[in-house]
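Visitor: Position one of the sequence shown corresponds to residue 15 (my numbering), numbered consecutively onward.
Please note that the accuracy of each hint is not assured.
Stated by the list, open to error - If you anchor each label on the Cβ, the simulated ranges turn out as follows: (1) T39 - M125: 17 to 27 Å; (2) S16 - V92: 18 to 28 Å; (3) V140 - R106: 34 to 44 Å; (4) V110 - L79: 44 to 54 Å; (5) G41 - F160: 12 to 22 Å; (6) V92 - V32: 19 to 29 Å; (7) L79 - L173: 14 to 24 Å; (8) T33 - R106: 21 to 31 Å; (9) L38 - V110: 19 to 29 Å; (10) G35 - L83: 14 to 24 Å; (11) R171 - L79: 13 to 23 Å; (12) I159 - G41: 17 to 27 Å; (13) Q172 - G80: 34 to 44 Å.
No lab work stands behind these hints, which were simulated from the structure alone. Heads up, the beta-carbon is just placed ideally off N, CA and C, and yes, glycines get one too.
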Amino acid sequence: MSLLLSAIGATIVAVLDVTLGRYLTIGNAAPHLVLVLGVIWSIAAGIEGGVAWAFVGGIVLDSLLGRPLGASAFALLVAMGGARLIAQPMARLRLVVPIVAVPILSLVYSMLILVLGSTGQGAGTVADPIGLFMPGVIYDAVLGIFLGPLIVNAHDRQLVVERVDW
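Can you build the whole structure from these sequences, using the hints too?
Guide: So this is what it looks like as structure tokens:
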């Protein structure tokens with residue numbers, strides 16, 4: 015059931031990202047809502063939910079934005095795998111992991127989208143890709159700081175089973 019919820023959530027967030035994302039921009043910084051919430055969900059629910067989120071959310075993003083089909087899905091799958099690699103050694107600090115993982119994976123995601131989106135088009139090179147993506151990375155980091163601990167804590171509280179105390 016959680017994989018179905020991941021797929022539905024990714025679809026809803028991808029549609030919101032495409033429709034409302036341009037209205038949430040601040041200067042040159044645009045949020046990557048599918049990435050941020052997907053990384054947080056991958057840390058909270060596990061790699062299976064993150065993979066479902068990445069695949070479905072990436073396909074929806076590609077079809078709505080006109081990107082090469084599979085480019086966003088691949089970049090999101092790499093980001094979800096990175097989230098799991100970052101979260102695994104920090105198992106006791108689950109509330110802090112999204113704060114660390116979201117900015118790193120936002121930069122990785124943006125670089126992969128740049129590379130995968132420009133491969134078939136023969137576009138020129140970008141002089142300073144890190145400087146180009148840094149406002150979006152900071153925007154995603156702020157979203158990760160606020161949303162990450164809330165979602166992880168809410169997911170963990172849902173899993174707590176009440177035990178009989180003798």
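Visitor: Each of the hints needs a verdict: does it hold here or not?
Guide: Each hint, compared with the structure:
Between T39 and M125 the C-beta distance comes to about 20 Å, which sits within the given range of 17 to 27 Å. For S16 paired with V92, a C-beta distance near 22 Å keeps the hint of 18 to 28 Å intact. Separation of V140 from R106 is about 39 Å and conforms to the stated range, judged on CB atoms against 34 to 44 Å. Between V110 and L79 the Cβ separation comes to about 32 Å, which falls outside the hinted range of 44 to 54 Å.
Judged by the Cβ atoms, the range 12 to 22 Å given for G41 and F160 holds: they are separated by roughly 19 Å. For V92 and V32, the hinted distance range of 19 to 29 Å is satisfied, since their beta carbons lie about 21 Å from each other. Separation of L79 from L173 is about 35 Å and departs from the stated range, judged on CB atoms against 14 to 24 Å. Against the hinted window of 21 to 31 Å, the Cβ-Cβ separation of T33 and R106 comes to about 38 Å, which falls outside the hint.
Between L38 and V110 the CB atoms are about 25 Å apart, so this pair conforms to the stated range of 19 to 29 Å. A C-beta distance of roughly 20 Å is found between G35 and L83, which places it inside the suggested range of 14 to 24 Å. Range check, R171 to L79: Cβ separation about 35 Å, and the 13 to 23 Å hint is violated. Checked against the hint of 17 to 27 Å, the C-beta distance between I159 and G41 comes to roughly 19 Å, which is consistent with it.
About 37 Å separates the C-beta atoms of Q172 and G80, a value consistent with the hinted range of 34 to 44 Å.
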